[in-house]
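Going line by line, the protein sequences match chains F and H.
Counting in the working numbering, the first sequence runs from 158 upward without gaps.
Counting in the working numbering, the second sequence runs from 132 upward without gaps.
Keep in mind the hints are simulated off the structure, nothing from the lab.
Please read these numbers as outputs of a predicted model, since none were measured by experiment.
Please note that a few of the clues may not be correct.
Said to hold, decoys possible - Simulated pairs of lysine to aspartate or glutamate, DMTMM-like, Cα-Cα distance not exceeding 20 Å:
1) 273/F to 344/F
2) 273/F to 188/H
3) 238/H to 331/F
Claimed, not checked - Computed beta-carbon distance windows for the label pairs:
4) 333/F to 133/H: 28 to 34 Å
5) 213/F to 235/H: 45 to 51 Å
6) 173/H to 230/F: 32 to 38 Å
7) 143/H to 276/F: 27 to 33 Å
8) 218/F to 188/H: 28 to 34 Å
9) 342/F to 173/H: 36 to 42 Å
10) 244/F to 137/H: 36 to 42 Å
11) 220/H to 224/F: 28 to 34 Å
12) 244/F to 180/H: 41 to 47 Å
13) 221/F to 133/H: 43 to 49 Å
The C-beta atom is built at its ideal place from N, Cα and C for all residues, glycine as well.
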Amino acid sequence: MKTIRILVLIIVFALGGLSGFFVKNFPFIRWNTEVKIYEVFQVCSTLFIGIAIPFFIKKWIEDKRQLKNALIEECKETLTEIKRIRTKFEGCYSNNSISASDKDEILILFSDADLKVQNLKENFTLAFKGESKIGIVGIKENTVNAINNSYISYWKTVTGGSLMNSNYTRIDNDLLKSQKSDFSSVEKAIKQAIIFIHTI
Amino acid sequence: MKVTQSIDIAKEFSSKPGARYKYEGDFSGQLFLESLLLPKFDKAVQEGGKVLIILDDVLGYPSSFISGSFGKLSIDKGADQVLKHLEFESKNQMRIDKIISEIQNPKKK
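Pulled out of the complex, with its shape left as it was, chain H reads as follows:
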């Protein structure tokens, strides 16, 4: 499956991702999901393609952010569908493993 969309989190969103919900502070997982991830994900699904998520040049990813964005997407769309249409790129493989772990076992909060 071809990459038809991409998101560079550091450049297009923030180098300091924050909490889970918008009311908890700036650059939340919920904001990322609503403004970038979900629209691009839906478009990629329509196109039969994938979204490439570039994870580098970010200070770090709190679990709350991952849960509020990728985790929520997984709850709504299903883990298999999400993993089918997302591809991750990072020099830090553990970052990718953590996100995949959250997608496979999303925390419902």
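Chain F with its partners taken away, still in its complex shape:
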């Protein structure tokens, strides 16, 4: 990429030089030799913009867009992982029974989700590491905390009550309601993170 840029610069200058040579030695077109300084500046700035935009500015915009897309994708994957817990839990409610292996599966799903949430928190913090605007730093910290706290609250609700009691073999309505409510909070926190990323 760097080689191509250098090559393009050399070609532009060579073409410029060649044009000047032909104009001087083969005057097919008569040029006004009185050159004003602002005209020189105009030509140079036009050339600079023509080179800078495709090579530098476009690349910077593209890099930033890809970073946002990667982070949004990570948010969606994390939410998908946590949804698996909800699906399993509500499946047991629909089946009117929950076995020891169902409970084990819920714990495994939480372990998997733990890793996703942790990665998301770390990547979120890393992505906005260089950001210095106070408002954005504050929103970023609130967003990460919201995801963390809502997820831990969800874990406490699902696994903190009677679920792990060996005599608990059917999910009651109260636990189902609490689970739905806390899942919504996690979902909201992650979706708000996506909105935040879009607005940066």
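With chain F held as given, fit chain H onto it using these hints.
For chain H alone, kept in the frame of chain F given last:
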């Protein structure tokens, strides 16, 4: 502060921690607290050291287990004292965060 005691939960207790109380089933938080955590914690405090808790190779940690063990310890001894004398090790940082969250805000049940 040096680590003077350690507990590898998967090897010394169970790879499937259970509920909060002993009457609720096997490998409860209460059993873990009484048989392992509390004795080692008290010893570490006497020695002026820490207990290293190894959390890996376990299926998962239900909140009831954490509450019945670490949470109860925090209620009895105080969150600051518990955090001062415990150290956690895990490839899963969220596990550590959850336990610390419970120690800092133990659920009284």
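Item checked: Numbers of unmet hints, in rising order -> Checked against the structure, the hints that fail are numbers 4, 6, 8, while the rest are satisfied.
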